[in-house]
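Participant: Residues per chain, in single letters:
Protein chains: 6
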Amino acid sequence: MDTKSALLIGRFQPLHSGHIKVIEEIARDFNEIIIGIGSSQESHTQKNPFTAGERVTMLKNSLDSLKNRNNNFKNFNYLIIPIPDVNNNSIWVSHVISLTPEFDVVYTRNKLVTRLFKEAGFVVRRQGLYDRGRHEGTEIRRKIFEGKRWEELVPKEAAEVIRKIGGVERIRELS
Amino acid sequence: MDTKSALLIGRFQPLHSGHIKVIEEIARDFNEIIIGIGSSQESHTQKNPFTAGERVTMLKNSLDSLKNRNNNFKNFNYLIIPIPDVNNNSIWVSHVISLTPEFDVVYTRNKLVTRLFKEAGFVVRRQGLYDRGRHEGTEIRRKIFEGKRWEELVPKEAAEVIRKIGGVERIRELS
Amino acid sequence: MDTKSALLIGRFQPLHSGHIKVIEEIARDFNEIIIGIGSSQESHTQKNPFTAGERVTMLKNSLDSLKNRNNNFKNFNYLIIPIPDVNNNSIWVSHVISLTPEFDVVYTRNKLVTRLFKEAGFVVRRQGLYDRGRHEGTEIRRKIFEGKRWEELVPKEAAEVIRKIGGVERIRELS
Amino acid sequence: MDTKSALLIGRFQPLHSGHIKVIEEIARDFNEIIIGIGSSQESHTQKNPFTAGERVTMLKNSLDSLKNRNNNFKNFNYLIIPIPDVNNNSIWVSHVISLTPEFDVVYTRNKLVTRLFKEAGFVVRRQGLYDRGRHEGTEIRRKIFEGKRWEELVPKEAAEVIRKIGGVERIRELS
Amino acid sequence: MDTKSALLIGRFQPLHSGHIKVIEEIARDFNEIIIGIGSSQESHTQKNPFTAGERVTMLKNSLDSLKNRNNNFKNFNYLIIPIPDVNNNSIWVSHVISLTPEFDVVYTRNKLVTRLFKEAGFVVRRQGLYDRGRHEGTEIRRKIFEGKRWEELVPKEAAEVIRKIGGVERIRELS
Amino acid sequence: MDTKSALLIGRFQPLHSGHIKVIEEIARDFNEIIIGIGSSQESHTQKNPFTAGERVTMLKNSLDSLKNRNNNFKNFNYLIIPIPDVNNNSIWVSHVISLTPEFDVVYTRNKLVTRLFKEAGFVVRRQGLYDRGRHEGTEIRRKIFEGKRWEELVPKEAAEVIRKIGGVERIRELS
Chain D
287 MDTKSALLIG
297 RFQPLHSGHI
307 KVIEEIARDF
317 NEIIIGIGSS
327 QESHTQKNPF
337 TAGERVTMLK
347 NSLDSLKNRN
357 NNFKNFNYLI
367 IPIPDVNNNS
377 IWVSHVISLT
387 PEFDVVYTRN
397 KLVTRLFKEA
407 GFVVRRQGLY
417 DRGRHEGTEI
427 RRKIFEGKRW
437 EELVPKEAAE
447 VIRKIGGVER
457 IRELS
Chain G
287 MDTKSALLIG
297 RFQPLHSGHI
307 KVIEEIARDF
317 NEIIIGIGSS
327 QESHTQKNPF
337 TAGERVTMLK
347 NSLDSLKNRN
357 NNFKNFNYLI
367 IPIPDVNNNS
377 IWVSHVISLT
387 PEFDVVYTRN
397 KLVTRLFKEA
407 GFVVRRQGLY
417 DRGRHEGTEI
427 RRKIFEGKRW
437 EELVPKEAAE
447 VIRKIGGVER
457 IRELS
Chain H
287 MDTKSALLIG
297 RFQPLHSGHI
307 KVIEEIARDF
317 NEIIIGIGSS
327 QESHTQKNPF
337 TAGERVTMLK
347 NSLDSLKNRN
357 NNFKNFNYLI
367 IPIPDVNNNS
377 IWVSHVISLT
387 PEFDVVYTRN
397 KLVTRLFKEA
407 GFVVRRQGLY
417 DRGRHEGTEI
427 RRKIFEGKRW
437 EELVPKEAAE
447 VIRKIGGVER
457 IRELS
Chain U
287 MDTKSALLIG
297 RFQPLHSGHI
307 KVIEEIARDF
317 NEIIIGIGSS
327 QESHTQKNPF
337 TAGERVTMLK
347 NSLDSLKNRN
357 NNFKNFNYLI
367 IPIPDVNNNS
377 IWVSHVISLT
387 PEFDVVYTRN
397 KLVTRLFKEA
407 GFVVRRQGLY
417 DRGRHEGTEI
427 RRKIFEGKRW
437 EELVPKEAAE
447 VIRKIGGVER
457 IRELS
Chain A
287 MDTKSALLIG
297 RFQPLHSGHI
307 KVIEEIARDF
317 NEIIIGIGSS
327 QESHTQKNPF
337 TAGERVTMLK
347 NSLDSLKNRN
357 NNFKNFNYLI
367 IPIPDVNNNS
377 IWVSHVISLT
387 PEFDVVYTRN
397 KLVTRLFKEA
407 GFVVRRQGLY
417 DRGRHEGTEI
427 RRKIFEGKRW
437 EELVPKEAAE
447 VIRKIGGVER
457 IRELS
Chain Y
287 MDTKSALLIG
297 RFQPLHSGHI
307 KVIEEIARDF
317 NEIIIGIGSS
327 QESHTQKNPF
337 TAGERVTMLK
347 NSLDSLKNRN
357 NNFKNFNYLI
367 IPIPDVNNNS
377 IWVSHVISLT
387 PEFDVVYTRN
397 KLVTRLFKEA
407 GFVVRRQGLY
417 DRGRHEGTEI
427 RRKIFEGKRW
437 EELVPKEAAE
447 VIRKIGGVER
457 IRELS
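Protein chains in written order, with the numbering used here: chain D, 287 to 461; chain G, 287 to 461; chain H, 287 to 461; chain U, 287 to 461; chain A, 287 to 461; chain Y, 287 to 461.
In isolation and in its complexed conformation, chain D is listed as follows (with noise of 0.2 Å):
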């Protein structure tokens, strides 16, 4: 069989559960996933918080736990590559794809990737909801702004960064 690959796009500020769903669904029709994490020069500020390596750690943790406890996800491969911002729109699908290996289809939620990727004669699917106005990292960095639940909504393990390298404190210092 032949590998199939999807490349997800997201800034994963932090990484949700509504993520894991999206990862979970595309696990259903292809083998291979390549996460592309946006942004990843941003970090210490309000809208992007967590560096590209602290994002690639909740990644990683997340999806590992998840290969080990279900088996369905045993043969699936993930590689995790950040994708610093280019500051040119036109020439930023050309940018994505020569940081990464080929892909299938293209996973996104955003409305300018969707655009970019579709006139470069690309196959983009709009990811499920799945329970959107939770799952979203705006309403998850205004939780944690304001002393509320948040842990719910974010896999174990990226709950787990998020407490180990100080998170809270510096969505509360910065806002």
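Everything labelled a hint here was simulated from the structure, so no lab data went into it.
Beta carbons are placed, not taken as given, at the ideal position from N, Cα and C, and that holds for glycine.
Be careful, since some hints might not be right.
Incomplete in silico selection of chain H near chain D, CB under 10 Å [to be verified]: (1) E328; (2) T331; (3) N334; (4) G339; (5) G452; (6) R456; (7) E459.
Distance ranges between label pairs, derived from CB positions [to be verified]: (8) H:N373 - D:R411: 33 to 43 Å; (9) U:G452 - Y:E432: 47 to 57 Å; (10) D:Q332 - G:R412: 38 to 48 Å; (11) D:Q332 - G:N361: 33 to 43 Å; (12) D:E438 - G:R314: 34 to 44 Å; (13) D:N373 - H:N361: 32 to 42 Å; (14) U:N354 - H:K307: 54 to 64 Å; (15) Y:T331 - G:V409: 15 to 25 Å.
With chain D fixed as given, assemble chains G, H, U, A and Y onto it according to the hints.
Facilitator: For chains G, H, U, A and Y alone, kept in the frame of chain D given last:
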């Protein structure tokens, strides 16, 4: 047992059997390797013919094959992180840290990388040499250019990637 | 007779009939116009939907048609120079100078461009307004987004370019 | 006695009397101050009207006058270092370190700067407030724009620089 | 008849008679030429002595003179587009496309440009050589530096620009 | 008496006694010197081993000592401004101006800097040579690398900085 991570820094132009030997050496002491692809923005030059994405593919295919062939590597995990140059050596270590999960030791053969990580207080191990004359990027690129035998010096999966992308023609036309 | 050149700075998102009126005004006093396309690296955003190349095409097609239709423009020459932002206003004028032939006067409606050229000792003319409310990029992009009539506000050739590249859909999907 | 150095980070848009009070406070504990001018590449905007060179001149003239007037400052030395933004917060501290001599303590009122230096293990002191409402860059730029009295809020030497470079007109034309 | 466009890529350091011969060749098959000035940000070095603006002026003056002198060129249109380097070869073609109107064929003598456009699926024509030894930028810059005769190797209008801007002195002082 | 300022441009890799002689020469005609540290972003290379901050420290310590030792320098003021490269020579002068207070004359030994400031209309003085062969950065870095005597060629305070930061080892490991 705790995870112990090593960071291996190289340009992988192309990935060759010397690199694989170093990775095997690292796998004896660590259960995780983070492979940092240096000068990731470079491609299509004599010194850096392959894109980051092409180098990621060479590494991924070769390491997955290694894991399948060899039971010792079953639980050895790898991450592959492209690292673009920053043109300011004194901030380079902190740039690498911002892109990667935590690591315990740095492996590299590059003098500048060695010096920069040492000044930042890291433990740097100089990787073993393994018949170094032949297993060097410069030498392999020269052989490809001159039409000599080079496939035996790189992992089978890397040779496949190079052929598939027209890498032999690329190196010849650019030189 | 000496060549007298004017530099016209704008973003042309998109080129509209107000711009054409300014160019006609300039053509009465000068035999050459250098059209500097500001923020040339921007595209696919709400404020800057079109690439530099698309904006060059709108300008070229519209001005060639103007020269064909109108004998007064037969000997009026134009140059179109994309000008990427430099993110440092105090060097911007010298950046523009490095990209363009010599010019005698600057035409612009932008406050910052006006101030920077004045501080550098240039003569800056504020272009006439010509029913400004309607002939503004912001207003035209809004009309396109809302599905209102916009074609009558831009030169026929610019409207053709916008339709050909799928510009209407692009603006709607990005907004 | 050993030299003890403090690093003071600010944008100085413009230098005002609140900054001078902080510098006087620092002079009681340290015999050297390194003044880092943040966002040094910015100028000619509402938020950052003055160039790095203009801000250096305001600081130099005001501090030299302070040293001449006040015997306590005779042996207090200052360095003024422009610090361009790096667009990657996680490498910013290491960028500052690469541009400055060693320092023992950081003074700043900026939340992001505070957080970044704390994560890097530095001692950060929050400078005293001194009638903060009035002595703030935003407030002073607003007064200049609205034609209200502002000279009394900045050192005499800074006001002279602002007038000499046409800073009042610049702020009004750009707003 | 449809417009057929060719893209000619060169550095034009300086424009010389070999370039004009290529443009005349292109004019036989196409009714429009887009001239892309490569490495447009470079100037005042041995290899790239002239600014983009100076190179634009050489091209414009020489081509306008050609159109006036020669009836075959009456309806041949040119566009001159400065193309700054991007330091990432794998996105360079998409960078060029974002700056230019559509073109049907690429003319260049540069190996890297040839390879990059071919990998992107474009038709690349290797321009005729026309006594190549003499009509090369390197050779002409050498003659200027050594005080030998060089004017006969460049169009009259280009020689005028070089003299007017002090180009001879510039090349001598920098070498 | 009016302040008269000179701008001295150099890379100071490292600061050496030839530089001090030039500064003493400048101090006879001017009451203020602005020292621009060129290529400030470079470090840890053979040609540019020291960071901007390390070079600032060498300059500051040596000049403060000069002022203490020698009454002629009591009222001679200095400013030290790091100047990062801009990779576009035609905007470099305007970049320097944006970072510095006003100056009356430029001192430099660099051909490119000389040419750029002359084209911009500045007075450039070629600094005296003072036994130039020995007092050159290249020569001093070579001596350090080869383990020869070099301390006598640089101010005592600069030698202290170099030893304290491990500069001798750095040069040897990088070469």
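Participant: State for each hint whether it applies.
Facilitator: Here's how the hints hold up against the structure:
no.: 1; hint: E328; in the structure: holds (7 Å)
no.: 2; hint: T331; in the structure: holds (7 Å)
no.: 3; hint: N334; in the structure: holds (9 Å)
no.: 4; hint: G339; in the structure: holds (8 Å)
no.: 5; hint: G452; in the structure: holds (8 Å)
no.: 6; hint: R456; in the structure: holds (6 Å)
no.: 7; hint: E459; in the structure: holds (5 Å)
no.: 8; hint: H:N373 - D:R411: 33 to 43 Å; in the structure: holds (35 Å)
no.: 9; hint: U:G452 - Y:E432: 47 to 57 Å; in the structure: holds (55 Å)
no.: 10; hint: D:Q332 - G:R412: 38 to 48 Å; in the structure: holds (43 Å)
no.: 11; hint: D:Q332 - G:N361: 33 to 43 Å; in the structure: holds (39 Å)
no.: 12; hint: D:E438 - G:R314: 34 to 44 Å; in the structure: holds (40 Å)
no.: 13; hint: D:N373 - H:N361: 32 to 42 Å; in the structure: holds (40 Å)
no.: 14; hint: U:N354 - H:K307: 54 to 64 Å; in the structure: holds (59 Å)
no.: 15; hint: Y:T331 - G:V409: 15 to 25 Å; in the structure: holds (24 Å)
Hint compliance for this structure: no hint is broken.
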